[in-house]
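Colleague: Using the hints, position chain B against chain A.
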Amino acid sequence: MEIDQYLGVFIEESKEHLQSLNQHLLELEKQPEDIGLVNEIFRSAHTLKGMSATMGYQDLANLTHQMENVLDAIRNHQLTINPDILDIVFEAVDNLEEMVLDIESGGAGTKEVTELVRQLEAIESGEALHQSNAAAEHKTPEEESSLLLDEFELAVLRESEEKGFQNFYTKVTLREDCMLKAARVYMVFEVLESLGEVVKSNPDVSQLEDEAFDLTFEVLLVTKEPKELIEEKILKVSEIDAVSIQNFFIDTYKHVQDAANEETAAAVMEEKTEAMTTEKKAQQSNKTIRVNIERLDILMNLFEELVIDRGRLEQIAEEVKHPELHETVERMARISGDLQSIVLTMRMVSIDQVFNRFPRMVRQLAKDLGKKIDLQIEGAETELDRTVIDEIGDPLVHLIRNSLDHGIETPEVRRGLGKPETGTIKLKAYHSGNHVFIDISDDGAGINRKKITDKAINNGLITKEQAAIMNDNQIFGLIMESGFSTAETISDISGRGVGLDVVRNTIESLGGTITISSEEGKGSMFSIELPLTLSIISVLLVEIQKEKYAVPLSSIIETAIIPKSDIMHVHNQAVIDFRGRVVPLVSLKDVFQVPNVYEETDYYSVVIIKKGDKSAGLIVDGFIGQQEIVLKSLGNYLTEIFAISGATILGDGQVALIIDSNALIK
Amino acid sequence: MAEEIVQDVKVIVFQLKNEEYAVPVTQVGSIEKMEHITRVPNTEDFIKGVINMRGVVTPIVDLRSRLGLEETPVDENTRIIIVDLEETSIGLIVDAANDVVDIPVNKIEEAPQVIGAIDIDYIDGVVNLEDRLVILLDLRKVLKFHEIEAIKSIES
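Chains as they are written, first to last, in my numbering: chain A, 55 to 720; chain B, 5 to 160.
No lab work stands behind these hints, which were simulated from the structure alone. Built from N, CA and C at the ideal position, the CB exists for glycine as well. Hints are supplied without guarantee of correctness; some may be wrong.
[Said to hold, decoys possible] To be clear about the criterion: a stretch of chain B counts as covered by chain A if any three or more of its residues have a C-beta under 8 Å from a C-beta of chain A, and this derived list gives those stretches:
| no. | region |
| --- | --- |
| 1 | 36-46 |
| 2 | 92-102 |
| 3 | 134-147 |
[Said to hold, decoys possible] Distance windows between CB atoms, simulated:
| no. | chain 1 | residue 1 | chain 2 | residue 2 | range |
| --- | --- | --- | --- | --- | --- |
| 4 | A | D706 | B | E75 | 23 to 29 Å |
| 5 | B | G59 | A | S619 | 42 to 48 Å |
| 6 | B | E75 | A | S395 | 44 to 50 Å |
| 7 | B | K37 | A | D351 | 28 to 34 Å |
| 8 | B | D125 | A | D667 | 48 to 54 Å |
| 9 | A | E81 | B | Q31 | 56 to 62 Å |
[As the list claims (entries may be wrong)] Each computed EDC-like pair below joins lysine to aspartate or glutamate, with the alpha-carbon atoms no more than 20 Å apart:
| no. | chain 1 | residue 1 | chain 2 | residue 2 |
| --- | --- | --- | --- | --- |
| 10 | B | K52 | A | E601 |
| 11 | B | K52 | A | D644 |
| 12 | B | K148 | A | E694 |
| 13 | A | K480 | A | E435 |
| 14 | A | K643 | B | D49 |
| 15 | A | K686 | B | D49 |
| 16 | A | K664 | A | D631 |
This is chain A alone, in the form it adopts within the complex (with noise of 0.2 Å):
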C-alpha cells in the first residue's frame, strides 16, 4: 500500500482525534460519572489506534492500546476515575500529540513509552476484572443475521462445519466519515481472506466495491481461526467504527429461516432503513469539504487581481460614457461584490481553533500554581480571517498566562479575602460591526495604580507629573510599554511585561488595539479589537499635490472643508476648533515631502481622524473618493516608512500608498 499519499489524512484526523480526547478528558474531569464522555474518548483512542498501527507507527499504536484498555475497564465499570487515574490518561494523551507533531515533521513518530505502558497497564490490572470478561460483555449476541443464503452456500457452510472450521458471521460498521469506503473494504477483505474464505457478503462484492452501501456491510467467514484474532485484524483497518462476530451455525439459520414468517424479515427491513435515515440526517448537517488552505490563498489572490481590474472598467466606464457599458460594469460590480464577500467569509474561521488548546493549559498552569482556576469560553463560534487566526493565538496564551499568574490569587489568599476559591477566567469574543472584540478577563487581584506608577516612574518612562494627571486606563496601558517590566519580575509562566509589549506589537501588526481596565480586589480585563479581515479594506482616496493616498476609513471621523482664517496656533501647532474640540492639524504635504505643483487656496481639506481619544486633521488637497482596495505590502527593501503602512494597486493600475493615521498622532 503506498502509505504517503494517506500520511497527510492520517495526521490531519489524528490531530482531530486528540483534539477530542482532549476536550472530553476534561469534561470528564469535570463529571467523572458520565459513561458517555467515556465512550466518546474510547471512540476516538480506538480509531486511532487502528489508524496509527496501519500506518505502521508501533510506539503510538502501542500507547493507545494500553490507554484503551483502562479506558474499556472504566467503561465497563471494572475501574473507577480518579484524578491519578485522569493524569496518567492525560501524559499518555500529551505523548501521542508529541509524537503525532514529530510524525507531521518528517520524524518516524517514536517514542520512549514503556514507562507510560507500564502504568497503564499497572492501573489496569490493579483493579480491572479479567479483560476477556469485559471483551465478551459487550458483544451484541442479539444481532441477527440478514444474510440470505442460497442451496450451494449452505452446502459450503455445512461442509465446513462438518470438517471442522468454523463459520463466523461478521459485522463491520465503517466510520461515518469515513473517506474511502471502497478502499477499507478491500483491506478488510484482504484481512479476512488472509484468514480463511469468504463465502458470502451482503451487500455483495461488486456492490461493495461501486461503494453502493451504508457503513455496515456483512460477511460470512470461513476459518480455523478464533474469533478474537479476526476481530482484531479486521480492527487494525484504519476508519472502522465496530465489528462484530458471532458464531454461524446452519441449524440455527435454517430454524430462523423457517420460523421467519414476514414480520421478521420486516421489521429487520424497518431498522435498516431507519439506521440509513439517521445516517443521512447526520451527513446532511455536516455538509462540508476540505480544501486545502493554499488554494483559498490562490484564490483570494486571483480575486485580488479582479478587484482591481473591476476599478479600471469602472473607469474605462466612466470616460467613455456608454450606456450599455456602464450598465454592464455596474452590474459586474454588484456580482464581484457578492463574490467578494463569500470568497471572504470562506476564508473566515471559527476563533475555537484558536480557544480550544486553552483548557488544557489553563489545567496544567493552575496545577503547577497551586491555583483552583475554572476557565469560562464564550462565543467560541465566532468567525475571524484566517490570516487574523494565525496570529492571535500567542498574545491570547500570554494574555492568559498573565491573568493566571499575576490576576487570580492562591485559593488561600482568596479565602482570607471572602472571594471563592477557585479565581475564574473568562474568554470572551463576539462580533460588532466590522470589527471582532476578544475580552480576557479574571476576578482576580486587579492592577495596583501606585505600583505600576512607581515602577514606571523609575523606569523612566514617565514624570511625575504625568503620572499625577494621566486616568487609569492610561496608566494600565504603561504596562504593555517596552521597558517596563525589569529582569527580576521575570517567573516561569510570565514574566510580567516581558512579552506584553509583544503582546501589543501584535496585536496592533494585525490592525487592531488592546486597552486594560482593572479594578483592585475585583479583577482585570484585557480588551482587544480586531478587524474581520485584513486584505480588502475600505479607504477614502485623497489628493495632496498630484499624488494620491488612501486613508483608512476606520479611523476615519469625517471630512471638513475649512477657510485659513479658522485655523488658528498654540505652540508653533496649527489646530482648529472643530466641534467644540481643539483638534491639532498636520499637514500631510509637509509629512510626505510632496513637490508644490499647485497654487494654495483659501480653503483647507481636511480629514479628521481618531485613535482611541485622541484625534488630528490631515490637510489634503483634494478628496477623491470612497474605494475597497486590495492591501499591498511594500515588501521587505522598503521597511519602516514613516506613516505609510502599505501600498494598493488602483484603478489605473498606478500605485498609491496608504496611509497609516496611527503614527500621525501624538
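Modeller: Here is chain B on its own, set in the frame of chain A:
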C-alpha cells in the same frame, strides 16, 4: 597540459553615462520600459518610489543616483531592469539595456584599487571584452542589502 574547462557567466549589459555595467542573467526577472512611478516619501534619495509590476508593488532604485552619477531625464532608451534578490523584486533605472553576453569566468579581473576616495565595494570585478570594458555589479551591495539586514538583526 590538460584541457582547461572554461565556465561562462551570462550577463545583461546596460549603460550608465559613458560606461557599461553588467549583472548576471540569473538575477534578472525582466526588462521594462519606463512607466509611472509612485514616489515613496521619507526614503533614501536613490529610491525613486514603487511601480505596479503585474500586481506586485515593486520598489524602484535609480542606479545613477545610487552610484553617485548625476541623474538624467528619462528618454526612450531608459529601461527598468527588474532584479530578484532573495524573494524580493527591485527595479533598477538604467540609461539603456544593451545586450546579453557570455563572459568567461577567467576573464573577470578584480576591480582596480585606484579610485580610493569613493566607496566601491559594490563592484564585483571588471571584464575586458575586446574593445569594451564592462563593470560587474554586486547587486546585494548596490542595493544595501547588507545594511538592511544589519538593521533588522539589531532590531530583533
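Colleague: None of the hints should be skipped; say for each whether it holds.
Modeller: These are the hints, each one checked on the structure:
1. 36-46: Three-residue rule met by the region 36-46 of chain B, so holds; n is 6.
2. 92-102: holds (count 3)
3. 134-147: violated (count 1)
4. D706(A) with E75(B): 23 to 29 Å: 26 Å, holds
5. G59(B) with S619(A): 42 to 48 Å: 46 Å, holds
6. E75(B) with S395(A): 44 to 50 Å: At roughly 47 Å between Cβ atoms, S395(A) and E75(B) fall inside 44 to 50 Å, so the hint holds.
7. K37(B) with D351(A): 28 to 34 Å: 31 Å, holds
8. D125(B) with D667(A): 48 to 54 Å: 51 Å, holds
9. E81(A) with Q31(B): 56 to 62 Å: About 58 Å separates the Cβ atoms of E81(A) and Q31(B), which means 56 to 62 Å holds.
10. K52(B) with E601(A): Holds, at about 14 Å.
11. K52(B) with D644(A): This hinted pair holds, its Cα atoms lying about 18 Å apart.
12. K148(B) with E694(A): 15 Å, holds
13. K480(A) with E435(A): 15 Å, holds
14. K643(A) with D49(B): 18 Å, holds
15. K686(A) with D49(B): 23 Å, violated
16. K664(A) with D631(A): 15 Å, holds
In this structure, the earlier hints numbered 3 and 15 are contradicted, and the remaining ones agree with it.
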